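**Q** Using the hints provided, position chain B relative to the given structure of chain A.
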Amino acid sequence: MARALINVPTTARRGEIIEIKALVSHEMETGFRHTQLGVLIPRDIVTQFVCTYNGAEVFRAEFYPAMAANPFIAFSTIATKSGTIAFEWIGDNGFSVTESAAISVA
Amino acid sequence: MDDCKHKRISRREFLLAAGGLAAGIALEPAVATEVEMTDAIRKVVGMARVHKGKVTLELPPLVDNGNAVPLVVRVDSPMTQAEYVKAIHVFNEKNPQPNVASFYLGPRAGRASVATRIRLADTQTVVAICEMSDGSFWSGSASVVVTLAACLEAL
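So the protein sequences, as listed, match chains A and B. Just so we're aligned, residue 1 is where the first sequence starts under this note's numbering, counting upward by one. Just so we're aligned, residue 1001 is where the second sequence starts under this note's numbering, counting upward by one.
Some clues are possibly wrong.
Distance condition first, Cα-Cα at most 30 Å in a straight line; then the derived DSSO-like pairs of lysine-lysine [stated by the list, open to error]: (1) Lys1086(B) x Lys1054(B); (2) Lys1043(B) x Lys1054(B); (3) Lys1043(B) x Lys1086(B); (4) Lys1086(B) x Lys21(A); (5) Lys1052(B) x Lys1086(B); (6) Lys21(A) x Lys1054(B); (7) Lys81(A) x Lys1052(B); (8) Lys81(A) x Lys21(A).
Keep in mind that the hints were calculated from the coordinates and are not lab data. Quantities reported herein were computed from a predicted structural model and do not represent experimental measurements.
So that you can see chain A by itself, here it is in the shape it has in the complex (with noise of 0.2 Å):
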């Protein structure tokens, strides 16, 4: 099972911009290399990355083989009221990891 990492204020003020800082553990095989033998490795990606809060998407990636190993991503978001961030990474061979954090608006 895939690791993934998120960053998540768990406190903000109502309409304060937060920042979201997500992480999942992923080789990214582009599917351009070669073994030494000269057979090519299938390509093994993680390909959409989509961000919801409280339901409705906030947040949504589509990742091509030019992503870095263990795809990592920064974005934000405004504070509307408390409940739950979640993520969800989807990918090849049917990749799949989600993961939520709980956040409170005063």
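**A** Coordinates of chain B only, in the frame set by chain A:
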């Protein structure tokens, strides 16, 4: 007659030719070109005009290791319900594939700024295209010198 011609090829000429051939094969590995990048950009923007400006790409000017290059994209936008950034697409010239990543934002982002880490196979220019809520496209670019390339090495 033909035999005669073959004999006239000196060892030096033969080696030069063989070397050239080998170099030709060695350069073969798939590398996207500026044309491919332009095509990939066209696929995203369609027939719309791409304006220069508003987009800032932050990349280190000199990269030791192309396997993980920190990249920050910032777009000059108020990010209000009326005017916001819909999407940011990042492209490169010389990796095997022109696309790097696409980010979809909305007015709830608050700030039009995304940071990530990418792979770069060669010294090249990285381009970011941003789509605004009014349908206009803006672009920004940054040049990077890469000393150790990513992607193409064998295991």
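**Q** Work down the list of hints and note, for each, if the structure agrees.
**A** Status of each hint after checking the structure:
1. Lys1086(B) x Lys1054(B): holds (14 Å)
2. Lys1043(B) x Lys1054(B): Answer holds: Lys1043(B) to Lys1054(B) is near 21 Å, not above 30 Å.
3. Lys1043(B) x Lys1086(B): holds (16 Å)
4. Lys1086(B) x Lys21(A): Holds. Lys1086(B) to Lys21(A) sits at ~20 Å (cutoff 30 Å).
5. Lys1052(B) x Lys1086(B): Status holds; Cα separation ~17 Å.
6. Lys21(A) x Lys1054(B): holds (24 Å)
7. Lys81(A) x Lys1052(B): violated (37 Å)
8. Lys81(A) x Lys21(A): holds (19 Å)
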